[in-house]
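**Student:** Chains as they are written, first to last, in the working numbering: chain A, 1 to 137; chain B, 1001 to 1129.
Just so you know, the hints here were simulated from the structure itself, not pulled from any lab data. You may find that some hints are simply not true.
As the list claims (entries may be wrong) - Pairs of lysine to any residue, SDA-like flavour, derived with a Cα cap of 20 Å:
1. B:1022 with A:4
2. A:5 with B:1006
3. A:12 with B:1004
4. A:29 with B:1126
5. B:1022 with A:85
6. A:29 with B:1008
Since we're looking at a predicted model, the values are computed, not measured.
Take a look at the letters that make up each chain.
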Amino acid sequence: MSEIKVDTLTGKTSANDITVTVGATVTAKLEQGLTKVWGSYNLKDNTAYDAFNVSSNQDLATGRSQFNFTNSLSAIDYSVHATSRWEINTTAHTQSQFCSATMLATGSVQTTTEDNAAAGTAEDARYVTVSVRGGLA
Amino acid sequence: MSELKVDTLTASDGTSPVTLTKQSAAKAWANADANAATITSRDSLNVSSWTDYGTASFGVNLTNSMANTNYAFYGIGEAGGPQNCPIMAYNKDADVKTTSGNRWYATSTSYTLVANPTQASVMYLGDLA
Chain A
1 MSEIKVDTLT GKTSANDITV TVGATVTAKL EQGLTKVWGS YNLKDNTAYD
51 AFNVSSNQDL ATGRSQFNFT NSLSAIDYSV HATSRWEINT TAHTQSQFCS
101 ATMLATGSVQ TTTEDNAAAG TAEDARYVTV SVRGGLA
Chain B
1001 MSELKVDTLT ASDGTSPVTL TKQSAAKAWA NADANAATIT SRDSLNVSSW
1051 TDYGTASFGV NLTNSMANTN YAFYGIGEAG GPQNCPIMAY NKDADVKTTS
1101 GNRWYATSTS YTLVANPTQA SVMYLGDLA
């Protein structure tokens, strides 16, 4: 096995275009598979546990938050995922909560969270994650 | 700091996948209007097509198959605004999860079937064949 130790990988022809072998014979562009935005948040007090490429988060209403990207996506057609948990540091499955991503924009995305025990009731969560895949502008 | 400028990275044996230390890239993802008459990706990686099973159900077909059926997959949807977000569910007892894709169901938070989401996002993590 060989190993290259390097701090930065840049496409030689195009800066963001590096082809890697990802299966037995399948190749893909490295940039396409990388997550462009991710973060985990406490939306009860609107603080970030950790985040990447998120400049700020806004509390829009109970159960609704907006995450503003540091570097924008190139289009609103990106793939986004979000999950939530009402409470953290508990194993109780009753703490689960419905969460979805909505209002996709190139510079931001919103999440909506609802109480599973009272379907449709908006509720803030103490643990929300969000992630985005797509092309950066 | 060192920088490597390269167009193609391949494992030294010429066939194996390249290992990214402590990192893993998504092997497939897509965004589509799953409620359209014909479902097509707005943007995607490694998704060849979508199958429309009618109201509340649709499938995703991968271009390059996963190595096995143990992959992780995620789906999330919106059907028109922040208060209208169906759950994208998977029924492991009734549905076929193959190396080349899977079938999704759209449900409400009270688990009744609803119209397919107009903003459907899917993601697949694992090893490609």
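**Student:** Taking the hints in turn, state whether each one holds.
**Tutor:** Hints, verified against the model:
| no. | hint | in the structure |
| --- | --- | --- |
| 1 | B:1022 with A:4 | 14 Å, holds |
| 2 | A:5 with B:1006 | 14 Å, holds |
| 3 | A:12 with B:1004 | 8 Å, holds |
| 4 | A:29 with B:1126 | 16 Å, holds |
| 5 | B:1022 with A:85 | 26 Å, violated |
| 6 | A:29 with B:1008 | 9 Å, holds |
Checked against the numbered hints listed earlier, the structure breaks hint 5 alone; every other hint is satisfied.
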